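Asks: Could you put the whole structure together from the sequences, leaning on the hints where they help?
Those protein sequence lines, which keep their order, are chains A and V.
Just remember that our numbering sits 45 ahead of the position in the first sequence, which is counted from 1.
Just remember that our numbering sits 34 ahead of the position in the second sequence, which is counted from 1.
The set of hints was computed from the structure by calculation and includes no laboratory data.
As the structure is a prediction and not an experimental result, all values here were calculated from the model.
Virtual Cβ for every residue (Gly too), placed ideally from N, Cα, C.
A portion of the hints provided could be inaccurate.
Unchecked claim - Facing chain A, according to a computed beta carbon distance under 10 Å, are these residues of chain V, among others: (1) Y38; (2) H70; (3) F72; (4) G103; (5) G104; (6) E106; (7) M110; (8) V134; (9) S231; (10) G240; (11) L250; (12) E253; (13) L265; (14) A267; (15) A274.
Chain by chain, the residues run as shown.
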Amino acid sequence: MSTRPIYLDYAATTPIDPRVAEVMSQYLTADQDFGNAASMQHDYGRAAHAAVEEAREQVANLIGAEPAEIVWTSGATESNNLAIKGVAESYADRGRHIISMKTEHKSVVDTLRYMEQQGWRVTWLMPDDQGRLSLEELKKAISDDTVLVSIMMVNNETGVIQDIRLIAEMAHAHGALLHVDAAQAVGKIPVNVKMLDLDLLSISAHKLYGPKGVGALYVRRQPRVRLLPQMHGGGHERGMRSGTLPVHQIVGMGKACALLGEEFGNEAVRISKLRDQLWQGISLLPDVFRNGSDKEVAPGILNISFGGVDGEALHAGLSGMSLPIAISSGSACTAASQEASYVLRALGRDDELAYASVRFSLGRWTTDSEIYAVVEALTELVNALRRQSPKWDIQTECRLPEMSGTHAQYSDAVWQNFVKGLNTAWEMPETAFKVICNTPGSRAVMKLVVLVEQEVIVSAQCQVFGCVTAIAVGAWLSAWLKGRQVAGLDLSAAEIEQALSVAPVKRHCTLLAEDALRMFLQVGRQSNGIDQLVAS
Amino acid sequence: MPIYFDHNATTSIDAIVLEAMQPFLSGTFGNPSSLHRFGRDARAAIDRAREKVAVLAGAHAGQVVFTSGGTEANNMAVKGVTGLMKPGRVLISAIEHPSVLEVEDALLARGWQVDFIPAKANGQIDLDALRVMIEAGDVCLVSVMVVNNETGVVQAINEVAEIVKSAGALFHCDAVQAAGKLDFRFIDSGAHLMSLSSHKIYGPKGVGALIIDKSLDIEPLLHGGGHERGLRAGTENMPAIVGFGAAAELAEKSLSERAAHCSALRTQLENGLAVLPGIQIFGQDSERLPNTSQFSVPGYDGESLLMALDREGIAVSSGSACSSGKGEPSHVLLAMGIEEAAARGAIRVSFGKDNTSQEVDEFLTVLGRLLGHSEQPLADRFSGVMGHS
Numbered sequence: 046m047s048t049r050p051i052y053l054d055y056a057a058t059t060p061i062d063p064r065v066a067e068v069m070s071q072y073l074t075a076d077q078d079f080g081n082a083a084s085m086q087h088d089y090g091r092a093a094h095a096a097v098e099e100a101r102e103q104v105a106n107l108i109g110a111e112p113a114e115i116v117w118t119s120g121a122t123e124s125n126n127l128a129i130k131g132v133a134e135s136y137a138d139r140g141r142h143i144i145s146m147k148t149e150h151k152s153v154v155d156t157l158r159y160m161e162q163q164g165w166r167v168t169w170l171m172p173d174d175q176g177r178l179s180l181e182e183l184k185k186a187i188s189d190d191t192v193l194v195s196i197m198m199v200n201n202e203t204g205v206i207q208d209i210r211l212i213a214e215m216a217h218a219h220g221a222l223l224h225v226d227a228a229q230a231v232g233k234i235p236v237n238v239k240m241l242d243l244d245l246l247s248i249s250a251h252k253l254y255g256p257k258g259v260g261a262l263y264v265r266r267q268p269r270v271r272l273l274p275q276m277h278g279g280g281h282e283r284g285m286r287s288g289t290l291p292v293h294q295i296v297g298m299g300k301a302c303a304l305l306g307e308e309f310g311n312e313a314v315r316i317s318k319l320r321d322q323l324w325q326g327i328s329l330l331p332d333v334f335r336n337g338s339d340k341e342v343a344p345g346i347l348n349i350s351f352g353g354v355d356g357e358a359l360h361a362g363l364s365g366m367s368l369p370i371a372i373s374s375g376s377a378c379t380a381a382s383q384e385a386s387y388v389l390r391a392l393g394r395d396d397e398l399a400y401a402s403v404r405f406s407l408g409r410w411t412t413d414s415e416i417y418a419v420v421e422a423l424t425e426l427v428n429a430l431r432r433q434s435p436k437w438d439i440q441t442e443c444r445l446p447e448m449s450g451t452h453a454q455y456s457d458a459v460w461q462n463f464v465k466g467l468n469t470a471w472e473m474p475e476t477a478f479k480v481i482c483n484t485p486g487s488r489a490v491m492k493l494v495v496l497v498e499q500e501v502i503v504s505a506q507c508q509v510f511g512c513v514t515a516i517a518v519g520a521w522l523s524a525w526l527k528g529r530q531v532a533g534l535d536l537s538a539a540e541i542e543q544a545l546s547v548a549p550v551k552r553h554c555t556l557l558a559e560d561a562l563r564m565f566l567q568v569g570r571q572s573n574g575i576d577q578l579v580a581s
Numbered sequence: 035m036p037i038y039f040d041h042n043a044t045t046s047i048d049a050i051v052l053e054a055m056q057p058f059l060s061g062t063f064g065n066p067s068s069l070h071r072f073g074r075d076a077r078a079a080i081d082r083a084r085e086k087v088a089v090l091a092g093a094h095a096g097q098v099v100f101t102s103g104g105t106e107a108n109n110m111a112v113k114g115v116t117g118l119m120k121p122g123r124v125l126i127s128a129i130e131h132p133s134v135l136e137v138e139d140a141l142l143a144r145g146w147q148v149d150f151i152p153a154k155a156n157g158q159i160d161l162d163a164l165r166v167m168i169e170a171g172d173v174c175l176v177s178v179m180v181v182n183n184e185t186g187v188v189q190a191i192n193e194v195a196e197i198v199k200s201a202g203a204l205f206h207c208d209a210v211q212a213a214g215k216l217d218f219r220f221i222d223s224g225a226h227l228m229s230l231s232s233h234k235i236y237g238p239k240g241v242g243a244l245i246i247d248k249s250l251d252i253e254p255l256l257h258g259g260g261h262e263r264g265l266r267a268g269t270e271n272m273p274a275i276v277g278f279g280a281a282a283e284l285a286e287k288s289l290s291e292r293a294a295h296c297s298a299l300r301t302q303l304e305n306g307l308a309v310l311p312g313i314q315i316f317g318q319d320s321e322r323l324p325n326t327s328q329f330s331v332p333g334y335d336g337e338s339l340l341m342a343l344d345r346e347g348i349a350v351s352s353g354s355a356c357s358s359g360k361g362e363p364s365h366v367l368l369a370m371g372i373e374e375a376a377a378r379g380a381i382r383v384s385f386g387k388d389n390t391s392q393e394v395d396e397f398l399t400v401l402g403r404l405l406g407h408s409e410q411p412l413a414d415r416f417s418g419v420m421g422h423s
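Replies: This is the structure we're talking about:
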C-alpha cells in the first residue's frame with residue numbers, strides 16, 4: 046500500500062494546519078520561549094505566560110466568551126469530565142439529578158455512568174429517528190432537583206445539530222446548568238456562548254486543525270458557575286485545573302481558532318457542497334440509508350448505512366483497495382471495540398444496519414476529485430459485496446477497483462481469498478446443486494453451489510454474506526472442492542482454520558464452511574447419489 | 035543570551051526530540067484509535083514511545099499509562115487508588131509537590147484521613163516518624179517523592195518501601211524530578227505507582243506517565259473511550275507522546291554524562307557561594323540531585339533577589355514554579371524547620387545539560403555584585419529588599 050489513503054475521517058482527528066504548526070514550533074527549543082508559564086520570576090516564564098494569554102483570547106473570541114472564562118485542559122475528554130464532575134460535586138446540595146442523551150460521546154457517557162455509581166440519578170433521553178432531542182422529552186424529565194443538563198451540540202457520528210438555545214432556556218427555567226460538548230461544533234457551525242446562553246462548553250483543538258493534547262472548557266463568569274477542580278496542585282487556571290501548561294499546544298489551539306474566525310464561513314459552505322455531492326453519488330445505490338437529519342446537520346459529516354453488506358467486510362474493502370479510503374464506522378473512541386454504534390441504534394437502526402455503516406467526515410483538504418473517486422470506488426465495492434451475498438441477486442458485472450497489499454488484521458491467506466472472492470464472476474449453471482446455511486452465533490450466511498459430474502466435483506462456488514474471513518473461507522472452499530471425488534469427501538473446520546491461518550475469534554466462519562459442506566454431503570447421501578439430486 | 039538555571043521548572047525541547055516529533059505535527063496525524071492506516075501508524079508510534087519510557091522508568095511497557103503530565107499522574111495515583119477502597123488513612127510527605135499535597139481536600143471530602151510525614155533539617159523525610167504513623171494502623175497509601183524538586187534531596191525510597199510493605203499498604207512515588215537525572219528503576223523501588231513528566235527531561239510539555247503495578251485496581255481520573263487500557267480516556271497526544279519517548283531514550287543513554295556535567299557545575303557554584311558571607315545551602319549534607327542547589331542569602335528577600343537577577347538576564351527560581359508568584363515561603367523549607375526569614379530568601383538553581391562553566395562564573399559575579407560586593411549599594415540597585423539582619 047504505497048498510495049496514501051484518501052482521508053475522510055476529519056471528525057476523528059484533523060491534521061494540524063501548517064500555519065498552526067509554524068506557530069507551535071516557536072515555543073519549543075532552547076533559543077525560543079520554552080519557559081514554564083508559571084515561572085513569573087523570569088523572562089522565559091513571562092514570555093510563555095504572554096503567549097498562553099494571547100491564545101486564551103483567540104479561543105474566547107471564536108466562541109464569544111471572555112478570556113477569563115476559558116480554562117485549558119488536555120482535551121475535550123478532560124473538559125467533559127471536569128464540567129460534569131466539577132459541577133456535580135459543587136452543586137450536590139441542590140439535588141442529585143443529571144439529564145443527558147443516549148447519543149453523547151463516550152467521554153460524557155462514561156463520566157455519567159461513574160456519577161451513577163456515585164449515587165446520582167441520570168436520565169438518558171432518546172433522540173427521535175432524526176437524531177434530534179425532543180424538547181417535550183426534556184420537559185418531562187427535568188425537575189427542580191436537576192443540577193445539570195449535558196447535551197452535545199453536534200453529534201460526532203451523525204453530525205446532527207441540537208437546538209441548544211431552546212435547551213438552555215428550558216434548563217435555566219428549572220434552575221439547572223447546561224453543559225454543551227461542542228468538540229464537533231466549534232469551527233464548523235456558529236457557536237456563541239452568550240447568544241446561546243451557555244454555562245459550560247467543551248472544545249477540542251485536534252478537531253479544528255490544532256494539536257492533540259489540548260482543549261478548553263468555557264466556564265461562565267456571570268452568573269458565575271462554580272466548579273470543583275478535578276486535578277489538584279499548583280492552582281493553575283484560577284484553581285480550576287492544575288498542571289504545567291503545554292505552551293506550544295496552547296498557542297497552536299489559539300492560532301487554529303484565530304484562523305477559523307477568519308475562514309470558517311467559506312470553509313463551511315465549501316465542505317457542505319462536497320458532502321452533498323458525496324451523498325448524491327452514493328444515494329444512486331439501492332438500499333442505502335442516511336443516518337440522522339439531513340437538514341440540521343454540521344457541514345462535514347455524512348453517515349450512511351448500507352443494506353446487504355457486512356460492516357467489517359465493507360471497511361476492510363475500503364482500506365484494502367489500491368486507492369484506499371480512510372473512514373470510520375463511527376467514533377474513533379469506540380472503533381476498537383467492534384460493536385455496532387450505540388448512536389445509530391438509538392436512532393432506531395437495527396444491529397445489521399448500524400454495523401454496516403460508514404461515517405464520512407470531510408475537512409479542510411478534501412477535494413472534488415477525492416469525492417468523485419470515493420463515490421466510484423465505494424459503489425463498486427458495495428456492488429461486489431452484494432453480488433457475493435446470497436441475500437442479493439446482482440447479475441451485473443462489477444469493475445472492482447484493484448485490491449492490493451495485505452491487511453494487518455488478517456492473515457495473508459485470508460486477505461488473498463477475500464480479494465479473490467470479491468473478484469470472482471458468477472458462472473454456475475442453474476442445474477447445479479445448492480445448499481444454504483448459517484451458523485449459530487453469527488449473522489453470516491453461506492450458499493454453496495456445486496456442479497457434480499460422475500461423482501466428481503467439476504466446479505464449486507460460494508456466495509457469502511458476512512465478514513472478510515467468511516468471504517475468504519467461501520472462496521477457498523470453492524477452490525478446494527474443484528476436482529475432488531464426492532465419495533470420502535471430508536473437511537473439518539480445524540483444517541480450514543489451519544489452511545488459512547484464521548484467527549480463533551473468527552472460528553464461526555470455518556464452522557460455517559464445514560456446515561455447508563456436510564449439509565451438501567448429507568443431503569446428497571440421503572437422496573441416493575448426488576447425480577440424481579443435482580437436477581432437482 | 036540570558037542564562038537559564040531553572041531546569042527543574044521546565045526544560046527546552048532537545049533538537050533530537052523535536053526531530054522525532056516533527057512528522058507527527060504534519061504528516062502522521064491520525065487518531066490512534068482509528069482502524070485505518072493513519073490510525074495504525076499513530077498506534078505503532080505510541081507503542082514505540084511506550085517502550086522507551088518503560089526503559090527509562092525501569093518498568094514494563096504494559097505498566098506505562100500516558101497522562102497529560104506529572105500533575106495528572108500524581109492526581110490519578112492518589113485519587114485512583116483510594117477511589118476503589120474503603121476510606122482509611124493516606125500518608126503524604128510534607129515536602130511533596132503541590133500536585134500530591136493538594137489532593138488532600140478531595141480525599142477529605144471522600145471521608146479519608148490524611149497525615150503528613152514530617153521532614154528533617156537535612157531535607158529527608160523522617161523515617162522514624164513514618165514508622166510510628168504506620169503502626170497506628172489503617173494506612174492504605176503512602177506517597178513520597180523520589181527527590182525533592184526544590185532542594186534536590188534524594189529520599190530513602192527503598193527504606194520507605196520496606197516500611198510501607200510491612201504494613202501492607204500501597205506506595206506511590208513521584209519520580210518527576212528523579213527520572214533521567216538519577217538511576218532509579220520502578221522494579222527495584224518497591225513502589226506500586228510512579229509518576230513521570232516529559233518536560234523535565236527535554237521532552238514536550240503536556241505529557242507524562244503513571245507507571246502502575248498491573249495487579250492494582252485503580253479508578254480512572256478521566257472517563258470515556260477506554261484509551262490506555264481503560265485507565266485514561268482521551269485521544270492520545272501523539273506528537274508529545276512520541277517526543278516523550280525520544281526524550282526518555284536520550285535521557286537513559288546520557289544519564290551519567292548529564293549527571294557528571296551538572297555535578298561539576300554545582301560544585302563550582304557551591305564553591306563560589308561559600309566565599310559569600312552567610313549563605314546557607316539546603317540539604318547539602320544529604321544525597322542530592324546533581325543539578326540542584328537551593329540556598330538562601332541571609333537578610334534578603336528571595337523574590338526581590340530573583341527580580342534583580344532577572345534584570346541581569348539570569349533565570350532562577352525560589353522553588354517550585356507551580357507555587358511561584360504567591361509570595362509565600364517554601365513549604366518544603368518550612369517543613370525542614372528552616373526559619374521563615376531564611377526560607378523567604380531561598381533561591382533555587384537547577385542546571386541543565388547545556389549550561390556552561392562560564393555561565394556559573396557570570397552568575398557568581400552578578401550575585402556577588404547584587405549582594406553588595408560592588409561599587410553601588412545594593413539598595414539602589416533594586417527596590418523591595420527586606421533587611422532581616
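Asks: Does each hint hold? Answer for all of them.
Replies: Evaluation of the provided hints:
| no. | hint | result |
| --- | --- | --- |
| 1 | Y38 | holds, 6 Å |
| 2 | H70 | holds, 4 Å |
| 3 | F72 | holds, 5 Å |
| 4 | G103 | holds, 5 Å |
| 5 | G104 | holds, 8 Å |
| 6 | E106 | holds, 6 Å |
| 7 | M110 | holds, 9 Å |
| 8 | V134 | holds, 7 Å |
| 9 | S231 | holds, 8 Å |
| 10 | G240 | holds, 3 Å |
| 11 | L250 | violated, 19 Å |
| 12 | E253 | holds, 8 Å |
| 13 | L265 | violated, 12 Å |
| 14 | A267 | holds, 5 Å |
| 15 | A274 | holds, 5 Å |
The structure shown violates the earlier hints numbered 11, 13.
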